[in-house]
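Chemist: Sequence:
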Amino acid sequence: MYIEMIDETATVSEEMKKQTLEILNFAAQKIHKDDKEMAITFVTNERSHELNLKYRNTDRPTDVISLEYKPEVSLSFDEQELEDEPELAEVLAEFDSYIGELFISVDKAREQAKEYGHSFEREMGFLAVHGFLHINGYDHYSPEEAKEMFSLQEEILRAYGLKR
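Sequential numbering from 1 applies to the sequence shown in full-length UniProt numbering.
Calculated from the structure, these hints are not laboratory results.
Remember, it's a predicted structure, so these values are computed and weren't measured experimentally.
Backbone N, C-alpha and C fix where the C-beta goes; we use that ideal spot for every residue, glycine too.
It is possible that some hints are incorrect.
Under the rule of at most 25 Å between Cα atoms (straight-line distance), these lysine to aspartate or glutamate pairs were calculated in the DMTMM-like manner [claimed, not checked]:
id: 1; residue 1: K147; residue 2: D34
id: 2; residue 1: K36; residue 2: E155
id: 3; residue 1: K33; residue 2: E121
Have a look at the derived ranges for each label pair, beta carbon to beta carbon [claimed, not checked]:
id: 4; residue 1: K114; residue 2: R158; range: 33 to 43 Å
id: 5; residue 1: S119; residue 2: M5; range: 28 to 38 Å
id: 6; residue 1: N25; residue 2: F150; range: 31 to 41 Å
id: 7; residue 1: K17; residue 2: P143; range: 29 to 39 Å
id: 8; residue 1: E4; residue 2: E50; range: 17 to 27 Å
id: 9; residue 1: L53; residue 2: T11; range: 29 to 39 Å
id: 10; residue 1: E154; residue 2: D34; range: 12 to 22 Å
id: 11; residue 1: E115; residue 2: D35; range: 30 to 40 Å
id: 12; residue 1: A159; residue 2: D59; range: 34 to 44 Å
id: 13; residue 1: S13; residue 2: P143; range: 34 to 44 Å
id: 14; residue 1: Y116; residue 2: R60; range: 10 to 20 Å
id: 15; residue 1: L53; residue 2: K30; range: 11 to 21 Å
id: 16; residue 1: K70; residue 2: M5; range: 18 to 28 Å
id: 17; residue 1: H140; residue 2: K54; range: 17 to 27 Å
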């Protein structure tokens, strides 16, 4: 999976960036999405607050914001058109492969790691996987959805080696 990573905070270590890439790739393989593309940006609480207000109309910082990419238009072409226009096929493949972006508040991750009594590494891994599942259509609005998402999330974290 291709992941564009930006650290707006300039505080995330190279080891943490590497772990984040590894766990996201691990999660992508688990749910058969390793041919996709996404972006992840590490932000401050201030930036998280701005994004939370803009996208969720919630006036406070949050730990992770997941923006699932859903194209507003549906592009479909028949096989002959794609054979005649190989460049078009490439553009469509790229268009179809982008799944969304995550914004993780590094400040919130540090606060929550302390609050929950586990490592910063575990919290960052948790937030990355949680957000990743959201941009792949998983949610926790109903009890059934929550059970499915949270059990998959825990399964991925445990299998990767990030236990509570």
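Chemist: Compare the structure with each hint and give your call.
Modeler: These are the hints, each one checked on the structure:
no. : hint                     : verdict
1   : K147 to D34              : holds (24 Å)
2   : K36 to E155              : holds (21 Å)
3   : K33 to E121              : holds (23 Å)
4   : K114 to R158: 33 to 43 Å : violated (22 Å)
5   : S119 to M5: 28 to 38 Å   : violated (20 Å)
6   : N25 to F150: 31 to 41 Å  : violated (21 Å)
7   : K17 to P143: 29 to 39 Å  : holds (35 Å)
8   : E4 to E50: 17 to 27 Å    : holds (20 Å)
9   : L53 to T11: 29 to 39 Å   : violated (23 Å)
10  : E154 to D34: 12 to 22 Å  : holds (20 Å)
11  : E115 to D35: 30 to 40 Å  : holds (37 Å)
12  : A159 to D59: 34 to 44 Å  : holds (37 Å)
13  : S13 to P143: 34 to 44 Å  : holds (38 Å)
14  : Y116 to R60: 10 to 20 Å  : holds (19 Å)
15  : L53 to K30: 11 to 21 Å   : violated (33 Å)
16  : K70 to M5: 18 to 28 Å    : holds (22 Å)
17  : H140 to K54: 17 to 27 Å  : holds (22 Å)
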